[in-house]
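Protein chains in written order, with this note's numbering: chain A, 1 to 129; chain B, 1001 to 1129; chain C, 2001 to 2129.
Derived by calculation from the structure, the hints in this document are not laboratory data. Please read all numbers here as calculations on a predicted model, not as lab measurements. Beta carbons: idealized from backbone N, C-alpha and C, even for Gly. Please note that the accuracy of each hint is not assured.
Said to hold, decoys possible - One-sided excerpt, in silico: chain B residues whose CB lies under 8 Å from chain A: (1) His1007; (2) Lys1010; (3) Gly1011; (4) Pro1014; (5) Phe1032; (6) Ser1049; (7) Cys1089.
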Amino acid sequence: MPLMKIHVRKGRSPEQIATLMDSIHVAMVRSFDVPERDRYQILFEHEHSHFCAQDTGLSIERTDNVLLLEVVSRPRSKEQKTAFYANLCDDLTRNCSIAPTDVMISFVENTDADWSFGHGRPQFLTGEL
Amino acid sequence: MPLMKIHVRKGRSPEQIATLMDSIHVAMVRSFDVPERDRYQILFEHEHSHFCAQDTGLSIERTDNVLLLEVVSRPRSKEQKTAFYANLCDDLTRNCSIAPTDVMISFVENTDADWSFGHGRPQFLTGEL
Amino acid sequence: MPLMKIHVRKGRSPEQIATLMDSIHVAMVRSFDVPERDRYQILFEHEHSHFCAQDTGLSIERTDNVLLLEVVSRPRSKEQKTAFYANLCDDLTRNCSIAPTDVMISFVENTDADWSFGHGRPQFLTGEL
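With the rest of the complex left out, here is chain A:
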């Protein structure tokens, strides 16, 4: 159920985008122990001028590979989030040649009543999930 909103700059091939989305999904499933088909992703491609990611003074150098991932999810523990950050960077380095310095993540949490996956029903409340 996490909803993953992926922000990148323009310039990737369709194959690169597919591999990127796949890699993010695999890292998420591995970190949160959710069903394989718990996949809800939107990828946005932005002009360089429209997407700015500096570093809060952390001396992190960004390239045009920079990626910002917004996650909307029911609550996850600090440990799960921390594991996800590390797993995601590992997978993006290996599969997409995106350096850990180019990966930024932001979570927002919600609750069981906040999701309907179809049929106009809140599946976490009805017991279907």
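With chain A held as given, fit chains B and C onto it using these hints.
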């Protein structure tokens, strides 16, 4: 005040998009008992490859009509959200021929201080709303 | 760290967009007392038909300059948010000729564990920030 971010795939006509946005607004007003002009909507059209919505194992079949609605709102009760999910699917079926299997919704809640509708003021704190 | 998602209608020049993004950043730094390089911004340009912002009955007239700013941030006080709303409108009027009637803002809050700025680490938890 709910902010409605509507995600669809490319391929709808301007008329279909207008009807879709109108229908979502009507279902929202009916479900949350807010003023008619409480309308704040952004519609995003995505490439098929950039928008993925599976089913968490719920055996829900999606089509190219798939719609994901993100709602940002002050707190609403479980009952109000549940009513909205059902009302929205009813209206989208009737007005837009979008099946309830193609409608996914995700809420995020915030508070009174989190909104300014103009003039640089927080209208829920100033008593204007 | 606030993530700023800026929604406008199409029709601005690259220079106007750059000035707009700069102005929002300056107002944010001034209001929240964060580092200068705490800059994370995405600007979305929407078709008129795809971006609707009415007024909840507040008699606020919008023009094509209308701007909706979504902020994702760790908790900020009511006073900080209120100051930001006013500062932002001041700066947008002066620098961008955007009237306070055209500026709408919505906050969503999260926590320390919800941010990774790079390296696959949660910098607010590790003590790096």
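TODO: Against chain A, run the beta carbon of B:Cys1089 and see if the smallest gap drops under 8 Å.
DONE: 3 Å, holds
TODO: With a cut-off of 8 Å on the beta carbons, see whether B:His1007 makes it to chain A.
DONE: 6 Å, holds
Open item on the list: Can you verify the interface hint for B:Pro1014: is its Cβ closer than 8 Å to any Cβ in chain A?
Closed with: Interface hint status for B:Pro1014: violated (22 Å vs cutoff 8 Å).
Open item on the list: Min Cβ distance, B:Ser1049 to chain A: is it shorter than 8 Å?
Closed with: 6 Å, holds
Task: Hint check, B:Gly1011 versus chain A [nearest Cβ-Cβ separation less than 8 Å] - done: Given a least distance of 16 Å, the restraint on B:Gly1011 is violated.
Task: Residue hint B:Lys1010, partner chain A, criterion CB-CB below 8 Å - done: Hint violated; B:Lys1010 Cβ to chain A Cβ min 13 Å, cut 8 Å.
Task: Closest C-beta approach of B:Phe1032 to chain A relative to 8 Å, hint status - done: 14 Å, violated
This entry does not satisfy hints 2, 3, 4 and 5, going by the numbered hints stated previously.
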